[in-house]
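J.: From first to last, the protein sequence lines are chains U and R. Just so it is clear: in the first sequence, position 61 is 399 by the numbering used here, and no numbers are missing. Just so it is clear: in the second sequence, position 99 is 437 by the numbering used here, and no numbers are missing.
Hints in this document: simulated from the structure, not taken from any laboratory. No residue lacks a Cβ here, since even glycine has one placed at the ideal position from N, Cα and C. There's no promise every hint is true.
Unchecked claim - Residues of chain U placed beyond 12 Å of chain R at every Cβ, according to the derived structure:
#, residue
1, S367
2, A370
3, A372
4, A374
5, V377
6, S383
7, R387
8, V388
9, E391
10, R417
11, H423
12, A427
13, A429
14, A430
15, T438
Said to hold, decoys possible - Incomplete in silico selection of chain U near chain R, CB under 10 Å:
#, residue
16, R379
17, D421
18, D425
19, L428
20, F431
21, K432
22, D433
23, F434
24, V435
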Amino acid sequence: MTNASRALAALGDATRREIFDRLAEAPSSVGALAAALPVSRPAVSQHLRVLKEAGLVAETPDGARRIYRIDPRGIGAMRDWLDQHWDRALAAFKDFVEETEEPEA
Amino acid sequence: MSTTPAANVSGIKPVVKSVTVKASPERAFEAFTAGMGRWWPASHHIGAGAFEAVVIEPRVGGRWYERAADGAECNWGKVLAWEPPKRFVLAWQISADWAYDPDLMTEVEVTFEPHADGKTTVTLAHGRLELFGARAKEMADSVGSDGGWPGILRAFVDFVDA
């Protein structure tokens, strides 16, 4: 699966969207997320694992617990997209400028 | 801070590309800017139909926009630097959901480096991509709506799978 389709699949679940949404507002621990949502702590951990594998959230240790936040590289799909866009665009530009080159002598 | 993990918020690398063309910097600059509508991938633009032209108003502060056959215009961004034939910088104000967002200011810098053999190396750097991340909240809000993030992700999947 591509990163983008992994991200799509990860966000296909309503609880994961809710978790992602909350992390977009503020970084949080598993415990705080579980307290705010009608799901168990292990379930939150499982959802976070899926979001993490999709590149959408990242974790940082904070003493004994872990703080989860939106991974700015979750926009990696956008960056990848731009990367390929510019590859394609510059190739087309090269063709264009060389086709339209005027004879110099 | 030294305790910050290597994968940090500011660590979004610019997308950098270069291509060497058989043309002078002057011709390359002209073809890149005035001729943009002639080579820009037709599938990558905001409007629903095909675009008729991509316009860069050749001055600092000038608009960068596409024009549809029916005359409708969609903004893409604006000119931040204009130094023909050496360099220009555009503000790419197209969001992750492929819509114009005046508050988004990622930057596309294009430089033209002449060679002794008459060729020119064109280098493009699309930077400040972390600003897409700054829109993460809005992107999260739009998740689930057809025009939202899944839309661009689907487009991306189509693109890479094509």
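J.: Taking the hints in turn, state whether each one holds.
T.: Checked hints:
1. S367: Holds, because the least Cβ-Cβ distance between U/S367 and chain R comes to about 17 Å, which exceeds 12 Å.
2. A370: With a cut-off of 12 Å, U/A370 remains clear of chain R, as the shortest Cβ separation is near 17 Å.
3. A372: holds, 19 Å
4. A374: Fine: 15 Å to the nearest Cβ keeps U/A374 off the interface.
5. V377: holds, 18 Å
6. S383: For U/S383, whose nearest Cβ neighbour in chain R is about 20 Å away, the distance exceeds 12 Å, so it holds.
7. R387: Label holds. Min Cβ-Cβ 17 Å, cutoff 12 Å.
8. V388: Per Cβ check, U/V388 is outside 12 Å of chain R; nearest 15 Å; holds.
9. E391: Its Cβ never comes within 12 Å of chain R, the nearest being 15 Å, so this holds.
10. R417: Nearest chain R Cβ is 6 Å from U/R417, so the label is violated.
11. H423: violated, 6 Å
12. A427: violated, 6 Å
13. A429: Check fails; 7 Å does not lie beyond 12 Å.
14. A430: It is violated; U/A430 is separated from chain R by about 4 Å at its closest Cβ, not greater than 12 Å.
15. T438: Check fails; 7 Å does not lie beyond 12 Å.
16. R379: violated, 22 Å
17. D421: Since chain R brings a Cβ to about 5 Å from U/D421, closer than 10 Å, the hint holds.
18. D425: holds, 6 Å
19. L428: holds, 4 Å
20. F431: holds, 5 Å
21. K432: holds, 5 Å
22. D433: Because about 7 Å separates U/D433 from the closest Cβ in chain R, which is inside the 10 Å limit, the hint holds.
23. F434: holds, 4 Å
24. V435: Interface hint status for U/V435: holds (4 Å vs cutoff 10 Å).
When each numbered hint is compared with the structure, violations occur for hints 10, 11, 12, 13, 14, 15 and 16.
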